[in-house]
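Each protein sequence line maps, in turn, to chains X and P.
Each residue of the first sequence is one higher than the one before, starting from 1 at the first, in this note's numbering.
Each residue of the second sequence is one higher than the one before, starting from 1 at the first, in this note's numbering.
The hints are simulated quantities; they were obtained by calculation from the structure and are not laboratory data.
This structure is a prediction, so every number in the text was calculated from the model and none was measured.
Treat the hints with care, as some may be off.
[What the hints assert, rightly or not] Listed below are the simulated DSSO-like cross-link pairs for lysine-lysine, each with C-alpha atoms no more than 30 Å apart in a straight line:
1. X:LYS219 to P:LYS146
2. P:LYS140 to X:LYS219
3. P:LYS94 to P:LYS163
4. P:LYS140 to X:LYS204
5. P:LYS163 to P:LYS146
6. X:LYS204 to P:LYS144
7. P:LYS272 to X:LYS246
8. P:LYS163 to X:LYS204
9. P:LYS272 to X:LYS219
10. X:LYS204 to X:LYS219
11. P:LYS163 to P:LYS140
12. P:LYS76 to P:LYS94
13. X:LYS219 to P:LYS163
14. P:LYS144 to P:LYS163
15. P:LYS76 to P:LYS42
16. P:LYS144 to X:LYS219
17. P:LYS94 to X:LYS204
[Said to hold, decoys possible] Partial list, derived from the structure: chain X residues whose beta carbon lies under 8 Å from chain P:
18. GLU34
19. ALA38
20. VAL42
21. GLY157
22. SER201
23. ALA212
Positions of the beta carbon are idealized from the N, C-alpha and C atoms, including for glycine.
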Amino acid sequence: MTSPHASADGPGSKEPTSDRPADPIAAVPVRYPERWVAAGVVLVLAAMFVNMLITNPAFNWPFMFEHMFSDPVVNGVWVTLSATVLSMIIGIVLGVILAVMRLSGNPVLVSVAWLYTWFFRGVPRLVLAVLFGNIAILYATIQIGLPFDNYWMPMLGLEGDARFFEIDVRTLLSGYMAGLLALALSEGAYMAEIIRAGLQSVNKGQSEAAQALGMSRGKIMRRITLPQAMRVVIPPTGNETIAMLKDTALLAYVPVTIELFYQLQAIGTRTYQIFPMLVAACLWYLAITSVLMVGQYFIERRFSRSERGVKDRIVGGRH
Amino acid sequence: MTEENHIPVGEGAVETADAPPTDALVVAEDVRKNFGRLEVLKGIDLEVRRGEVMCVVGPSGSGKSTFLRCINHLEKLTAGRLWVNGELMGYRQKRGRLYELRDSEISAQRSDIGMVFQQFNLFPHLTVLGNVIEAPLQVKRVPKAKATELAMELLERVGLPDKANAYPEQLSGGQQQRVAIARALAMEPSLMLFDEPTSALDPELVGEVLDVMRDLARGGMTMVVVTHEMGFAREVGDSLIFMDDGVVVETGAPSEVLSNPRHERTRAFLSKVI
Chain X
1 MTSPHASADG PGSKEPTSDR PADPIAAVPV RYPERWVAAG VVLVLAAMFV NMLITNPAFN
61 WPFMFEHMFS DPVVNGVWVT LSATVLSMII GIVLGVILAV MRLSGNPVLV SVAWLYTWFF
121 RGVPRLVLAV LFGNIAILYA TIQIGLPFDN YWMPMLGLEG DARFFEIDVR TLLSGYMAGL
181 LALALSEGAY MAEIIRAGLQ SVNKGQSEAA QALGMSRGKI MRRITLPQAM RVVIPPTGNE
241 TIAMLKDTAL LAYVPVTIEL FYQLQAIGTR TYQIFPMLVA ACLWYLAITS VLMVGQYFIE
301 RRFSRSERGV KDRIVGGRH
Chain P
1 MTEENHIPVG EGAVETADAP PTDALVVAED VRKNFGRLEV LKGIDLEVRR GEVMCVVGPS
61 GSGKSTFLRC INHLEKLTAG RLWVNGELMG YRQKRGRLYE LRDSEISAQR SDIGMVFQQF
121 NLFPHLTVLG NVIEAPLQVK RVPKAKATEL AMELLERVGL PDKANAYPEQ LSGGQQQRVA
181 IARALAMEPS LMLFDEPTSA LDPELVGEVL DVMRDLARGG MTMVVVTHEM GFAREVGDSL
241 IFMDDGVVVE TGAPSEVLSN PRHERTRAFL SKVI
């Protein structure tokens, strides 16, 4: 720099100073002693907690680990997983149907969907589970046939009935089926709201453009609206799946005797080692939800990205 | 779609013949549209001949976009009749009564009318090629190879053959709008509607879209263009209508209307935009 203005600390300097070496700021940082105090307190509390876990005999860790992986418990884990998967599948299908009904504009369908959601969101899942477990009180058998035959057959002067076959409800709705139905129907109500929000998040211009191209309503839903709604629908569906896994514990009250929580409790009461088995339940549910949360992390990362990020990867993958 | 589920038909209207009064491609007869109590269109009568490029100008809120959307029945008329290609849009007339067409029948009518929107409305989850072949595959059931071939031809025409595998978000506004034009053309429509196609574009991108539209007009496509581009209207348009407050105020050859507006409202509007 030959310019007289280029002096390093001259306040009037106009020349760019990029060719001078950087002069890093060396200032004393602000200290935060209260952070250290808070961290110390928390660490002491944590140490006390760990100490209690180790020394309190009520935990009885050896007993817990011995029974945590016994056959009925591991079988219970499978029952829990299958109930989660099945109730979520049924719930999502129901949710799509209810959401489409809700947005259909047909007043009957709209009201029915609204009533459904109102009922299943308003009744606690535990109550639903017990209710469905006792549904055989209401119907001893389920008969398949034409509706209201007891009224119209006599009117037409016909005898007998229009029922083609019947099933014993206790066979059809064994404990597992009844509990599964309770969870799935309840999930349908929540999924309906999630899917409805997803469908409504898609810009109206999308369906208009598709209409203008001559696409039918069904095609627009399947090809244009639903795929775009997925971006909004998938992250909360992950949350619902994790919540559902935990709610399968409610099946114990249907009762579903082969279910994980029921089995753990049964061992606990049989052996008077109640607390270790409750801890085992916590550990099992934590382990499975952790796996699900890892899956959810990747799914959310995939779907919450900007449109462009996702597409870049898709385009890149086709090279 | 809209709040109206039926078309209040005056007793006199019932006697209208099923066929349009002329053989023009678009015939509008006393087209009216209300949104609730708001009268947006107060009786539009016009004809668009085959091969004609009609530009529609007017202040915002004058009803020009609503009229365009009435042409392909995205909006239901409150009263009046509208024919495209000899077909009454949205209804069937039988023994003096109007019957609403089914969803599938309306879709069939729409598939012959291309539309380009101000906001492009490309499908973001599909590639450029996917956007262009979607309707031919789904609506016309054209075999994929054939649809792709036509799509590539169209992308060539709008100058974007190398963007076939890109996604809409990766394109500039001008490129997106050109894809939207290709998408509409893929249905091989006999009429193209343009709803302010350049209004959402950065100024330097307007030209590329107008160029594509100019080529289209030269190729003999019938077009109805709602626009603020007076230069385009003057150069490419065969006719120009000026709308204000739900009525057609003035109509004529673009150069004439733009240079010698006869009505005070036209003059006032043009003095603001030119």
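Check: Against the structure shown, which of the earlier numbered hints fail to hold, in ascending order?
Finding: 3, 7, 9, 17, 18, 19, 20, 21 and 22
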